[in-house]
Amino acid sequence: MTGSAPDDNFAPSILSSTETFWRDHYDFLKAHGYTLRDRYHPDWVPSWEKNPSKKWLHCEDGLYIEHGQVLDATRDDGSLVVLKEIKTNTNKYEIPVSKFFSFGALATHPKNHCVPVIEVIDPPEGSQSAFIVMPYLLNTHHPPFQTIGEVVDFFRQIFEGGDDLVKPKQGLGFMRELVDDMINSDPKKRPSMSEVVARFETIVKGLDDKTLRSPVVEVD
1 MTGSAPDDNF APSILSSTET FWRDHYDFLK AHGYTLRDRY HPDWVPSWEK NPSKKWLHCE
61 DGLYIEHGQV LDATRDDGSL VVLKEIKTNT NKYEIPVSKF FSFGALATHP KNHCVPVIEV
121 IDPPEGSQSA FIVMPYLLNT HHPPFQTIGE VVDFFRQIFE GGDDLVKPKQ GLGFMRELVD
181 DMINSDPKKR PSMSEVVARF ETIVKGLDDK TLRSPVVEVD
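The opening position of the sequence shown corresponds to residue 1 in our numbering, with each subsequent residue numbered one higher.
Just to be clear, a hint being listed does not mean it is correct.
[Claimed, not checked] Below, a list of computed lysine-lysine pairs in the BS3-like style, where the Cα atoms sit at most 27 Å apart:
hint: 1; residue 1: LYS84; residue 2: LYS99
hint: 2; residue 1: LYS111; residue 2: LYS84
hint: 3; residue 1: LYS92; residue 2: LYS30
hint: 4; residue 1: LYS30; residue 2: LYS84
Honestly, the hints are just simulated from the structure, not real lab data. Computed from a predicted structure; not experimentally measured.
Given only the sequences and the hints, what does the whole structure look like? Please build it.
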């Protein structure tokens, strides 16, 4: 979500055009219980300018936004969250779909592995930018998988959610045929999701405890 300098012209003391959006919404989001990092405070003064002994690369407010549509924030209760801007005039479905899986009966369904939406913040007056609030999560490979069993369970959750597969890993040859069928160049020859789940369950039944506890080795 954040990173070091994006290019040679990067000036850490100057907000990018993407970042000014978040600065301009700082007070609005604060009023809804979400505080952005100091870098996006309207009266921000770079910490390394106030303390010349600091280097901007080592300062939290020296980190720029890598993906401008999302930004971390701190909730009033102290928990970390992620805010995502949704343009309601061009993206009419993401909020309804997110709410569909996050509230009501589906929210507690055991096969629902979607990232939950904590809250939806309607656009400020005169704006088309709404915000969805989600928990602050790590990437799927952090921490890395340790056993084949962990990867198998990950496959199960991905299949149940209908998403794509993770990259291949050594020791998962038993998944090769199924994966190849799922990415067949002829869509008509690809198995349906119900067929994928059924075949996956058959594969899992054939795995012993030793296999499931085997270490995962990344494929170069």
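Q | Holds or violated: LYS111 to LYS84, with C-alpha atoms at most 27 Å apart | A | holds (24 Å)
Q | Satisfaction of hint between LYS84 and LYS30, Cα-Cα up to 27 Å | A | Measuring from Cα to Cα gives roughly 15 Å; hence the hint holds.
Q) Hey, LYS84 versus LYS99, does the alpha-carbon distance stay inside 27 Å? A) holds (14 Å)
Q. Given the hinted pair LYS92 and LYS30, is their alpha-carbon gap at most 27 Å?
A. With a Cα-Cα distance of about 25 Å, the restraint between LYS92 and LYS30 holds, given a limit of 27 Å.
In this structure, none of the earlier numbered hints is contradicted; all agree with it.
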